[in-house]
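Starting from two chains that each stand alone, build the complex the way the hints lay out.
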Amino acid sequence: MPDGVIPLGLVIVLALCAGAVRAEVASARAAELEHMVIQDCGSCHGLTLKGGLGAPLTREALDGADPETLQAIILDGVPGTAMPPWRPLLSEPEARWIADYLLEVK
Amino acid sequence: MKSYLWAALLSLSPFAALAEDAFATGDLGLVVERATGSLLLLDRSEHAALGRIEGLGDLSHASMTYSPDERFAYVFGRDGGLSKVDMLSRQVVARTIQAGNSIGGAISDDGRLVAVSNYTPGGVKVFDAETLALVADIPAEGKTIGLADLPGRRFAWAVWDTGHAFVGDFSGPEPVITDLGKVGENPFDAVVTDDAHTYLVGLFGEKGVSAIDLWDDTPKPRKFLENYGKTEDDMPVYKMPHLQGWAFAQGQFVLPAVGQHELLWVDRDTLVETGRTPVHGQPVFIIAQPASPYVWVNFATPLNDVVQVVDSRTHEVVKTLNPGKAILHMEFAPRGAEAWISSRDDNAILVYDTHTFAQKARIEAQSPSGIFFTARAHQPGL
Chain A
1 MPDGVIPLGL
11 VIVLALCAGA
21 VRAEVASARA
31 AELEHMVIQD
41 CGSCHGLTLK
51 GGLGAPLTRE
61 ALDGADPETL
71 QAIILDGVPG
81 TAMPPWRPLL
91 SEPEARWIAD
101 YLLEVK
Chain B
1 MKSYLWAALL
11 SLSPFAALAE
21 DAFATGDLGL
31 VVERATGSLL
41 LLDRSEHAAL
51 GRIEGLGDLS
61 HASMTYSPDE
71 RFAYVFGRDG
81 GLSKVDMLSR
91 QVVARTIQAG
101 NSIGGAISDD
111 GRLVAVSNYT
121 PGGVKVFDAE
131 TLALVADIPA
141 EGKTIGLADL
151 PGRRFAWAVW
161 DTGHAFVGDF
171 SGPEPVITDL
181 GKVGENPFDA
191 VVTDDAHTYL
201 VGLFGEKGVS
211 AIDLWDDTPK
221 PRKFLENYGK
231 TEDDMPVYKM
241 PHLQGWAFAQ
251 GQFVLPAVGQ
261 HELLWVDRDT
271 LVETGRTPVH
281 GQPVFIIAQP
291 ASPYVWVNFA
301 TPLNDVVQVV
311 DSRTHEVVKT
321 LNPGKAILHM
331 EFAPRGAEAW
341 ISSRDDNAIL
351 VYDTHTFAQK
361 ARIEAQSPSG
371 IFFTARAHQP
381 GL
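Quick mapping for you: the protein sequence lines, in order, are chains A and B. The first sequence lines up with residues 1 to 106 when you count with the UniProt record's numbering. The second sequence lines up with residues 1 to 382 when you count with the UniProt record's numbering.
So that you can see chain B by itself, here it is in the shape it has in the complex (with noise of 0.2 Å):
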């Protein structure tokens, strides 16, 4: 009886309009179409595409970010241009071409400030999530990568030309930057655990992988897997892994081999190799699969056509894919229960049941790379 007055009352008042009108986000993410400089709204409930969001510039290699509530999202687009895109208006809301090519990007971890890695010229900037407003501008000797968010409104990055690591800390009215020394010869990517406790960089210019412990007072790099990497007698590797995959599953580290067709397993506490996957192709992203022993990779071209599923406990192979031709993006459900994959040459995202391994859906779309569902936005190190 209570209920159905308030449902009586609610009816009656402005309230009712607005339930009926809202729009949550937190089943929603966003698509990079790259040839075409436009975004993709997907649905994750419905395995639907909602619309089109146009006029993002170069998207090749881009990547986003989203605010605490999951309304808007960053998108850092190749061509330098930084994009904030309201999932409910559809639109950009702001933009500004803040670089002349840039990498990447992260937001802080109390949703402020939103910082782009630079290629050209070499550095990262800081700007107000809100408006976009520059609010720091830090230099580098060359290409940044690698940056990640850390807790305390900091951020970490590393030069590939130089090989530094550094953090910067924009709690104070001044920004605090920290060079934490050299990691080895051209990073190419790097990535922070799920615990904020280690800072990966993976090397394409020299063997082995550095590892910054950032719990410690003075973090330093320190060398591991120092047989891992490019020699001269491996095979050419025709696109750069990427390292923000890099799985943590069953207390270890799943590292793509750089010019080998093979995951590295890394004990987590001991930095010790603990064994080799032989797999399809160059790994690009080793993504685990949430809840579950699982991590799914898939390849470099001319072998992108492929998708394979490995078990952490044995480091075998379980499954093996053919989604679609040119795959080069995975995204889990939150939970684990979806994998939606991206097939750039069937110009089509593909739904996979991470149980049976159905394809559970298709959505057409344009040439798309990264999928990103705005669960991100609570997930540190992104």
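Isolated chain A, as found in the complex (with noise of 0.2 Å):
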């Protein structure tokens, strides 16, 4: 079972994440946005992120996007899309956490 696995390498993968992401987010509110991206996030883009209504989220298909472009799509949205600003939830750093957790982790 893949989705039993996932929550231990991620906590292992979180404790080696770069110092400078974890600085800007304690690790309570980290646990809180990764459950919204897997959860909230997951509704359009899927649990696992392969996409569904929204496009796929995996890292294969970030394909290294740049983790700023990626912090504005969160904060502000895809005008004309499904995609709605988050800025109203998150705030800068915590959308930059998200990115980096895509590009690094999912």
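If a hint is listed, it holds; no wrong ones were tucked in.
EDC-like cross-link-like pairs, simulated, lysine to aspartate or glutamate; straight-line CA separation at most 20 Å:
(1) B/K207 / B/E273
(2) B/K182 / B/D216
(3) B/K223 / B/D179
(4) B/K325 / A/E34
(5) B/K239 / A/D40
(6) B/K325 / B/D345
(7) B/K182 / B/D217
(8) B/K239 / A/E32
(9) B/K239 / B/E262
(10) B/K319 / B/D353
(11) B/K207 / B/D234
(12) B/K239 / A/E34
(13) B/K325 / A/E32
(14) B/K360 / B/D346
(15) B/K325 / A/D40
(16) B/K239 / A/D76
The hints are simulated quantities; they were obtained by calculation from the structure and are not laboratory data.
Okay, structure coming up:
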């Protein structure tokens, strides 16, 4: 069951994550953000982020995209599509944390 | 005396054992445990979980429908998996990965065909309900949404990318597919009224709703509620509303506003707006409580810890409940006595008495989303 394995893997990878990312988002908030990516982003992008109404967000699909571009999309959405702006719910460092998380972890 | 004799006779016959071991499915249900790819088997009368069925893949946005005898559930998973689950043996008895990415499905009125709506590759696939063998493959120029069954072994669906709606007739040796025309930009979900008269299509890419009269000889889309829908100034939509719950109460449709914290009430005959109800958040499901004037509403993140009850006569909120964190779905007992509510982040199903609003039971579940009672087997449009 890959679903059961992922969280343990995430814990290890997160523990090894770049110090800069962890410095900007407290670990309790990081756990909330990870939950949000899987559950709420997952509503459109799939729980395994392989896509749905929204585009796939796996590391392969993003293929080394610029984290600042991802951060901007998360904060301000994509006009003309169903991707909403998450700025009312996320700070800039939090959006950057999610961008890095998608690029490095998922 | 006569009945006593029968009882004595029955106790000696092999039928006695059969009767004792027999297990009826009419008050059972399944809950989607989205993160673990499992289903929880519920007993509605006992307020209990009977067991867990595992190995169903990615169940985000999963839904299901039931065979006419209420024995089998057909589960539509996000990862393109179509699984047939036996409620008696509590096992997956057939499973096929029929697409890369799918969104929902429906069973034909005769229970013989199961259709699945796919995102990648876009289209509708139709399977034999007995074996899950592929019967028809109808490609589409984009993601298919709003798949619903129609009488006469037919299904309706719409395509997000092209905005066209279709009816597929699978009653003959070859499927007959009819393009009903363009309903509008980016249809996000659709629903058939309970009398199978009207196919209602919600639009994300432009204002308005499309209605198609399915009783017409040449059904065509007709726009109404021209001011309904999202504008640039509206609030962000953090979860797409679902239309299967569009309630049909008191001669009205109730629609979730898109990008507004409101319900919209529309006269069923004239398609004219009759009122609005300010509510707690962006509505996701609006579901009519059977045998009552009430509809129950849940909301998109981050305001998703509340359920509101609205009176379709006055259009007023009559009750606000706080059942738990991340309320994803509600399912009524078929005659309306109870509302079963899933709280994803509290890992629980909560059972409410619809008369007193008292919480009657709490059942542990793992990240539960959709709740599906077997009574759905007899509901058209699913």
